[in-house]
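The listed protein sequences correspond, in order, to chains A and B. Residue 37 in my numbering sits at position 37 of the first sequence, and the numbers go up by one each step. Residue 57 in my numbering sits at position 57 of the second sequence, and the numbers go up by one each step.
Possibly wrong hints are sitting among the right ones.
Below 20 Å or equal to it, Euclidean Cα-Cα: the simulated EDC-like pairs (lysine to aspartate or glutamate) are [what the hints assert, rightly or not]:
| hint | chain 1 | residue 1 | chain 2 | residue 2 |
| --- | --- | --- | --- | --- |
| 1 | A | K443 | A | D128 |
| 2 | B | K44 | A | E269 |
| 3 | A | K259 | B | D32 |
| 4 | B | K59 | A | D128 |
| 5 | A | K50 | A | E113 |
| 6 | A | K359 | B | D85 |
| 7 | B | K59 | A | E383 |
| 8 | A | K372 | B | D32 |
| 9 | A | K192 | A | E269 |
| 10 | A | K359 | B | E99 |
| 11 | A | K313 | A | D135 |
| 12 | A | K440 | A | D310 |
| 13 | A | K440 | A | E428 |
| 14 | B | K28 | A | D90 |
| 15 | B | K28 | A | E292 |
| 16 | B | K89 | A | E291 |
Here's a subset of chain B near chain A, in silico, CB distances under 10 Å, partners left out [unchecked claim]:
| hint | residue |
| --- | --- |
| 17 | D29 |
| 18 | K33 |
| 19 | T49 |
| 20 | K52 |
| 21 | D54 |
| 22 | Y58 |
| 23 | P61 |
| 24 | G78 |
| 25 | I83 |
| 26 | G92 |
Calculated from the structure, these hints are not laboratory results. A virtual CB, placed ideally from N, CA and C, is assigned to each residue, including glycine.
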Amino acid sequence: MKNIRVANGQGFWGDCIEAPTKLIKYGNIDYLTLDYLAEVTMSIMQRQKKKDPENGGYATDFVSLIDSNINEIINNNIKIIANAGGVNPDACKRELIKISKKHDIDLKIAIVEGDDIYNDLNNLIKDDHEFKNIDTNESISSILNKIYSANVYIDSFSVAKALSLGADIVLCGRISDPGLVVAPCIYEFGWKKNNFNMLASATVAGHIIECGAQCTGGNFTKWKDLKDMDNIGYPIAQIREDGTFDITKPENTGGLVNKFTVSEQILYELGDPKKYISPDVCVDFTSFNLEETSKDVVTVTGVKGNMPTDTYKVSISYFDGFKASGQLTVSGPDALLKAKKSAEIIWKKLEKIGLVFDKTSTEFLGLSSCHKSIAKTPNIINEVVLRLGVKSQDKNIVTRFTKELAPLITAGPPGITGFAGGRPRVKEVVAYWPALIDKKVIKTKVIL
Amino acid sequence: MKKLSDIAYARSGDKGANVNVGVVFISKDYYDKALSKLTSVSVKSYFGTMVKGDVVRYKLPNLNALNFILYDSLEGGGSETLINDAQGKTFGQALLMMEIDIDD
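Let the hints inform the model, and build the full structure from the sequences given.
The structure is reproduced here in structure tokens:
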């Protein structure tokens with residue numbers, strides 16, 4: 001039976017830079033997928049584009065990756081699908097063309113457009129598209145003048161079309177993460193929109209590998225059992241024409257693929273398992289079986305899917321004020337008492353000058369800051385990191401807060417250090433607004 | 001009594017302002033036995049003040065797994081919250097420390 005090997009070399013922007021190179025060289029793969037976009041990444045890119053409309057707004061790491069590996073990509077006949085285009089796929093493509101010219105290699109680069117609806121948003125709202133927040137049911141009117149970006153999670157058939165036109169590299173903006181894997185299956189196997197079980201199966205494969213090494217031993221409960229974590233293998237899904245697939249990793253790499261590394265990842269960021277909604281299909285995550293069929297090979301069979309919904313998910317980001325967090329290292333004796341006193345001093349000083357924040361936080365890192373009352377407090381606390389944070393719509397008062405930490409080193413309890421990084425940085429808060437839109441209004445287009 | 005970590009694996013992450021914790025049991029036997037012990041009520045009570053909202057449990061018998069959604073557990077969404085574990089990455093490890101009344 002015909003099958004293809006699809007790898008994930010990047011689970012997020014900032015993931016291991018060697019991972020895609022190793023997959024290209026040693027993975028024996030047909031497709032390399034790269035997921036650069038977390039929910040708020042689009043807003044970061046939108047702001048980069050505002051500063052530099054010509055050149056800003058895409059994943060620059062991707063361009064260096066192609067530059068370093070272009071010969072192996074061509075020699076090994078690997079097609080690449082990446083959401084690296086962000087909000088400016090044209091700029092990304094221009095850079096890639098420069099690189100292909102430099103290496104004197106003819107690269108066919110396709111862009112899939114249609115996900116970015118930022119400029120159409122006002123008209124769509126006028127036409128009664130509500131964009132209600134699907135988590136909170138709030139009306140979009142409350143954030144209208146603060147929106148940074150709006151992107152639709154487009155379907156995988158649009159991406160498959162780019163492959164059918166002969167693209168070596170497909171640059172997408174916002175596509176569903178598993179869609180990076182579903183698209184080559186649609187193209188290679190000729191799956192149709194109503195092949196729900198097969199589309200569902202490839203969606204599960206995509207979900208498993210979309211976070212890179214998280215299915216090959218990364219973030220794994222039994223981490224002590226793992227070998228060669230410094231050379232952890234990134235995942236490969238070997239998908240057959242009937243939809244069944246194997247999850248594996250390149251030979252001679254570290255980490256582990258077994259039922260449990262894969263199962264943990266299947267559950268990652270999962271909601272109702274019977275209703276996993278992608279743009280292509282609704283997947284039943286309770287329908288399939290896992291089997292360890294060989295060393296570092298898990299085979300998945302029996303995935304069931306149903307008709308997709310008639311809406312696409314829209315990811316909207318908006319400005320929501322400013323925040324800053326800073327920390328001080330407090331040593332013993334009486335480390336915790338000193339840290340508590342330091343926090344009290346800082347909050348009192350800020351209160352005295354009349355600053356009121358929308359939100360504050362006081363944490364003692366090293367002392368149940370993650371697990372609160374679940375973790376037992378040790379009898380002897382020899383040091384603790386005091387971490388304070390504030391949020392406000394007013395940048396000035398957040399900035400004022402950042403100036404109150406360092407003075408504690410000379411004006412607070414003894415034995416406080418760890419301030420080498422300087423004052424904490426004031427960051428813009430970019431909040432996330434998930435919504436839905438009628439599929440009929442979204443038109444995608446492939447540009448080759 | 002057993003520690004959940006003796007009989008299960010876990011992983012957690014964020015869904016907006018909510019956290020999901022997936023628990024995968026090492027065998028069908030433990031999964032079956034845990035169904036009446038590891039409930040939305042016991043998990044909500046275990047996390048105490050860490051979870052402000054409801055806890056909903058979903059079953060995945062094909063994986064001997066349970067998926068818990070812990071509503072309103074991050075003091076705001078991923079980019080807006082001030083807490084160190086802004087994406088709920090550590091909730092899975094926290095749940096594994098739970099004592100659970102299960103025999104072999």
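Now for the hints, and whether the structure bears them out:
no.	hint	verdict
1	A/K443 / A/D128	18 Å, holds
2	B/K44 / A/E269	19 Å, holds
3	A/K259 / B/D32	18 Å, holds
4	B/K59 / A/D128	38 Å, violated
5	A/K50 / A/E113	19 Å, holds
6	A/K359 / B/D85	16 Å, holds
7	B/K59 / A/E383	42 Å, violated
8	A/K372 / B/D32	29 Å, violated
9	A/K192 / A/E269	28 Å, violated
10	A/K359 / B/E99	34 Å, violated
11	A/K313 / A/D135	12 Å, holds
12	A/K440 / A/D310	8 Å, holds
13	A/K440 / A/E428	35 Å, violated
14	B/K28 / A/D90	51 Å, violated
15	B/K28 / A/E292	16 Å, holds
16	B/K89 / A/E291	27 Å, violated
17	D29	15 Å, violated
18	K33	18 Å, violated
19	T49	6 Å, holds
20	K52	12 Å, violated
21	D54	14 Å, violated
22	Y58	5 Å, holds
23	P61	7 Å, holds
24	G78	7 Å, holds
25	I83	6 Å, holds
26	G92	8 Å, holds
Of the numbered hints listed earlier, those contradicted by the structure are 4, 7, 8, 9, 10, 13, 14, 16, 17, 18, 20 and 21.
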